[in-house]
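Chemist: Sequence order for the protein chains is A, B and C.
Position one of the first sequence corresponds to residue 2 (the working numbering), numbered consecutively onward.
Position one of the second sequence corresponds to residue 25 (the working numbering), numbered consecutively onward.
Position one of the third sequence corresponds to residue 113 (the working numbering), numbered consecutively onward.
I should point out that these hints are in silico values taken from the structure, not numbers from a laboratory.
Keep in mind the model is a prediction, meaning the values are calculated, not measured.
Among the clues, some could well be false.
Taking lysine-lysine and the PhoX-like style, the derived pairs with C-alpha atoms no more than 20 Å apart in a straight line are [claimed, not checked]:
1. Lys-150/C to Lys-431/A
2. Lys-305/A to Lys-332/A
3. Lys-431/A to Lys-110/A
4. Lys-223/A to Lys-250/A
5. Lys-230/A to Lys-219/A
6. Lys-185/C to Lys-428/A
7. Lys-574/A to Lys-562/A
8. Lys-338/C to Lys-85/A
9. Lys-150/C to Lys-85/A
10. Lys-498/A to Lys-150/C
11. Lys-428/A to Lys-250/A
12. Lys-498/A to Lys-163/A
13. Lys-230/A to Lys-163/A
14. Lys-185/C to Lys-381/A
15. Lys-305/A to Lys-250/A
16. Lys-498/A to Lys-244/A
17. Lys-230/A to Lys-244/A
18. Lys-74/B to Lys-570/A
19. Lys-332/A to Lys-250/A
20. Lys-323/A to Lys-339/A
21. Lys-212/A to Lys-339/A
22. Lys-431/A to Lys-410/A
23. Lys-170/A to Lys-74/B
24. Lys-431/A to Lys-244/A
Covered by chain B, per the in silico footprint, the following chain A stretches (three or more residues, Cβ under 8 Å) [said to hold, decoys possible]:
25. 269-281
26. 294-303
27. 398-408
28. 544-550
Estimated spans, in silico, between C-beta atoms of each pair [as the list claims (entries may be wrong)]:
29. Val-80/B to Gly-557/A: 21 to 29 Å
30. Leu-157/C to Asn-405/A: 35 to 43 Å
31. Thr-191/C to Pro-101/B: 31 to 39 Å
32. Gln-219/B to Trp-261/A: 58 to 66 Å
33. Glu-216/C to Gly-81/B: 47 to 55 Å
34. Pro-343/A to Ile-251/C: 36 to 44 Å
35. Phe-141/C to Gly-214/B: 26 to 34 Å
A virtual CB, placed ideally from N, CA and C, is assigned to each residue, including glycine.
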Amino acid sequence: MSEPKRVGRRTFLNYAIAVVATGVIVGAATYFAVPKEVTTVTAPGTTVTTTKTVTTTVAGTPTTTPPTTTTTTPQQWAQFPGVKVTVAVGAGGEQAFSGICYHYRPIMKQISGFDLEVIELAYADLPVKILADLTTGTGAYDMFIPCSNLLGDLVVPGYVHKMSDFWNKPGMPKWYPENNPASNAQCSMWRGEYYGVPWDNDAWYLTWNMKGMDAVLKNSEKRAEFKSKFGYDLNPYAWVRDKTLTWQKVIDMSQFFHNWDWNGDGSPDYGMTMGLRTGEQGSFWFYGFAAPWVVEWGPMRDNKHNLFFLDPETMEPLISSKHPGFVEAAKKFKEITKWMNPAVFTYTFAETWDEHLAKAKSMFLYQAPDTFSLVGNPDKSSIRGYLMTHPTPGVEKYWSMAQNQWVEKMNFVGNVCGCSWHPFISKLSKNPDAAYFFAAYVAQPREHLLTAASAYTWTGCDPGAFTTDILVDYGGMATLEDFNLPPSGSPDPGFGKDLPFEKQRHYNEGDLRRAQIAVWNNLNAMDAFEDYLRIPGATAMFTSVDTHIIGEMLTGAAGIKEALDRVYKDWNKIIDEYGRDKLKTLYQEMINYGQPNTYSPKPWKFDPKWSVLSSDVIF
Amino acid sequence: MAKFTAYHSFILIAVAYVIIISIFPMAFMVYGSFTNWRLGLSRMDWVGIKYYTDLVGDYRFYNSLQVTFLLTALAVPIEIALGLVLAQLMRCQIRFRRFFRTIFLIPLFCAPVAVALMGEVLFYEGGGPVNSVLNILGFPSIPWRSSPIIAPFTVVLCDVWMWTPFCFLITLAALEGIPRELHEASIVDGASSFQTFRSIDLPLISSPLITILMFRILDTIKIFDIPFTLVGGGGPGIATETMSIYIYKVAFRDFTLGKAAAISLVFLVLIAIITSLFIKRLRRYYA
Amino acid sequence: MPDMVNRFKSVITYILVLLFSGFFFIPLFWMVIISIKKPIDQFTLGFIPWLQFEPTLRNWEAEGVKQAAENLKALMNSTIIGLGSAIIATILGTLAGYALARFEFKKIKNVDIISYFLSLRFLPPIALAIPYYFLMQSIGLIDTQLAVILVHAAAFLPYAVLVMRDAFKSIPVAMEESAFIDGASILKVITNIVLPIVAPALAAVFILTFTFSWNEFLFAFVLTSKNAFTLPIRIAESITAIGVFFYALSIRQLIAVIPPIILGMLVQKYIVSGLTMGAVKA
């Protein structure tokens, strides 16, 4: 019979293929299994000098004083032999915050003896799994690193530890809350207490491709074209200098740069790009974008000024079709999507970076500050040295709740939109001290600067959580050397792909300076500041905005007013589910209702040497 | 008498297993649907039929019904028809039949999540393979995943890719079970191959066809992985938000577990009603 | 003339077969290509290594060496869970299927029992996932392989019952009856006489249940966190907060797809014949 023989041959072939494949894989694996150089651990003897030349606003003073003694003798680290700490973190593989965990895992083992087990979870599932774990008392995670908007859901039911329980314990790494600016501190504080260790500083910034922009600015024909089309001169750098860069101008510029080939790659390019995929961090775009139309500065925290989300007297959501500011903002938001690649509704961060940095096909990007450190990496970007950064653009007129009318004045509003990821420690943990050790270790000045500079891998942890990350020139304590850059004004040494990671130069000096100026301006020099919503239920509210505004309004499945009203209804439902009065008390505490507004604008910074690449592009 | 008890015990084991595994969740869910159970809060107070009445005016509920129906009505017939076509092709005399059959089976072994992610790469609108090939052939790029109108079709395409092999497999085996003599007889009688297929093969394999039809409908109604992963959780907006995705979102994004339970029960009833249309056919076949 | 028509027909047939083969094969091929592309090239079009892009083994290194521990754990968990649920479902399904095929129940009709099994497939898995989480948590089985095995077996049992029932029905009762007359017990009859005949169906049910369990995502995701996670969960983890890491995805997908494919190729013959025993009523 030929049947058994044929089967036999096939089976043999199958086995053979499997064996060969396995052989190839094993061979390649052993080739790469050559152990890498052992990570140099920050020597325990690092002395920390804390000459405080801080000029930024002091953090909401914590109610328990952290240690202020500076150690000049080698530090004895607390030891946790045999302990295992499980951390739940947003998935990011070798990069992003999971990358931070993987990087510090061997270091923790070496200097303190405990194992760090890393569980990566997809962005949207992180809060779900964390809350399920805490509610059922499972306690599978000792610590977690979620989005800061989960703060309310974690702190109010009492699921997480106060940081002050730990920072005086012997052998713990020291970090300096007084270097944590108030606008960032709000992301990890509640009622004056730190419930998480500040790591990340997110805000939404506008960036543009200076290569393309400058080429057009130097072309008088193109400038004339802009003028005839829009009625005013194209002068973006002057607008940055004079603090007059508004969304309308950005929309016009996006339209101008849309659909023709300005980067010379042979195919038409785009004006703006954003990561507007439903189910991701889309709601942050709306929060940052819409704030200038809505948030009006006032000297006191009352129910008419400085508000974006809810009315502190009635807990009525402000986002609705009844609020002309939001209606106008939503209209403009929808308008600007016309000048983007239609595919942006499938974009997450990665695709926007691909479009803006790698392929350089979009002139503008409005997004989280991760762009700053990515632009310098030749594996990810082709425009190192050409990134212009600006905080959220302003508006020419805004709606005043106090006067119940439009006010014809420029309004710029700063934000800390974005996740601002940072670690919390679960009360169900059996090893909270070890968990705190890890969290605090990364927040030490030197470690944090390396992390925020993406020194060892791209971390997405952005500078600004501590003033020690910011350059001295802009109110901080860091120098160019900390970023591995040569003295100011030297030619760009390049990324340094072949260097060990601690020596790589993730930033180009120009990009770095422009970024840090924008960070300073965003946190300090805007006309008003937007709160970060972190009451219980905030995560659910963000999802509602994501579904209706990003998902339905922008794709045309719902009208503008309809979408805003759906958000209004959803938010009311959520507030009622949690208990309106209970939430009211918490919200009023969150915004320091009745107290003077701690934010007051400082002078705008602009560096004529670094904010423009040449003098002939500013008029 | 001994036989009697043994058969009963056989069934009993299987039924008992299933009942034990499912009775608690069902009861929990039924109870939960009448409470204000939320994820993150440890309270479960009775609120009556609030969530059920909420559904009446809930546009997302109706949208999810519509989407689910659309996806199922498109995907299932295509899968079965394609499966039939492929099975017929495989019966022809072609070389390397075994090899092609193996290739046809590849999608069966892929996890739906992975299929959706593969789709994401292939359909990437910023310059992915599919659109580029279309462009080369002179067609415009299609917004596979960003258009609320086209996205459902992309989901259908991925689902068809995944499940046609299953239908193909069953149909092929059924077709191969048809005795040769019937075919030879009809050819002698002068019937064309299509007529043979229509009058002889189809009736004979009607039973397995009905079976797969039922399985596929029941499965596709609950489709979750592919639209969830492919277009960002039922996007763009709610264009591909199926029943399962809506329940998932209510439970794990809005954290309203009570409402999720209520919606699940409503869907259960709906599906039961739809399937009861099949029960009659079932009874005839299984009696 | 008929000759030319035949040639034409077979050419069309070949073309169609090739088209469909391409349709089914290209996504997997693309995964292989992506796994050797540099991350910055993820979204570019080249598919011929060295000619159109520079291949790299860095992704394989990252997944196969640096993250090997997690990937291997997932592989192991998937295997154990798959085998466990396939075994339970097959055994229980065979017993129930035999009973349904050979015996007419009086109190509750056969067809009602079958309808009951089918009705278990009505509920969207997501609805059950939530209570299962709390159930498993309260009995301490959360994040264990056993929890997932139990749930998967229950989920696929209806298929097993129905397919085995079909298979048993296709065998003439005569052989068993003579064995009963000779005094053999039921179990002996089943194992010695009937099972060998329906072995293909048995293999088919086992393989398919194994594959479905191998690829199942929702229950595995809800019920596990750090100990018992499976390959689909690893695959889903390549969706990060900043985008999909296609290079990680492609490798994990290849790891996840190769064992079932090899398994399937080996028993291909059986799946085909086993699934439709008794389906065609000649």
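Chemist: For Val-80/B and Gly-557/A, compare the CB-CB distance with the range 21 to 29 Å and indicate the outcome.
Modeler: holds, 26 Å
Chemist: Mind checking the alpha carbons of Lys-170/A and Lys-74/B for me, to see if they're no more than 20 Å apart?
Modeler: violated, 51 Å
Chemist: Can the restraint linking Lys-498/A and Lys-163/A be considered satisfied, given a maximum Cα separation of 20 Å?
Modeler: Violated. Lys-498/A to Lys-163/A sits at ~41 Å, over the 20 Å cutoff.
Chemist: Are Lys-230/A and Lys-219/A close enough, with their CA atoms no more than 20 Å apart?
Modeler: holds, 18 Å
Chemist: Are three or more residues of the stretch 544-550 of chain A within 8 Å, CB to CB, of chain B?
Modeler: Held - the stretch 544-550 of chain A has 3 residues with a Cβ nearer than 8 Å to chain B, which meets the minimum of three.
Chemist: Run the distance test for Lys-150/C versus Lys-85/A: straight-line Cα separation, threshold 20 Å.
Modeler: violated, 34 Å
Chemist: Hey, Lys-212/A versus Lys-339/A, does the alpha-carbon distance stay inside 20 Å?
Modeler: With Cα atoms ~23 Å apart, Lys-212/A and Lys-339/A exceed 20 Å; violated.
Chemist: Is the straight-line distance between the alpha-carbon of Lys-498/A and that of Lys-244/A 20 Å or less?
Modeler: violated, 37 Å
Chemist: Is the distance from the Cβ of Pro-343/A to the Cβ of Ile-251/C consistent with 36 to 44 Å?
Modeler: Taking Cβ atoms as reference, Pro-343/A and Ile-251/C lie about 50 Å apart, which means the hint is violated.
Chemist: Does the Cβ pair Gln-219/B, Trp-261/A satisfy 58 to 66 Å?
Modeler: Given a distance of about 59 Å, which is inside 58 to 66 Å, the answer is holds.
Chemist: Decide if the proposed pair is consistent with the structure: Lys-323/A and Lys-339/A, CA atoms, cutoff 20 Å inclusive.
Modeler: This hinted pair is violated, its Cα atoms lying about 25 Å apart.
Chemist: Just tell me: holds or violated, for the beta carbon distance of Thr-191/C and Pro-101/B against 31 to 39 Å?
Modeler: Roughly 36 Å apart at Cβ, these two residues keep to the hinted range, so it holds.
When the structure is compared with the earlier hints, violations turn up for hints 1, 2, 6, 9, 11, 12, 13, 14, 15, 16, 17, 20, 21, 22, 23, 24, 26, 27, 30, 34 and 35 and for no others.
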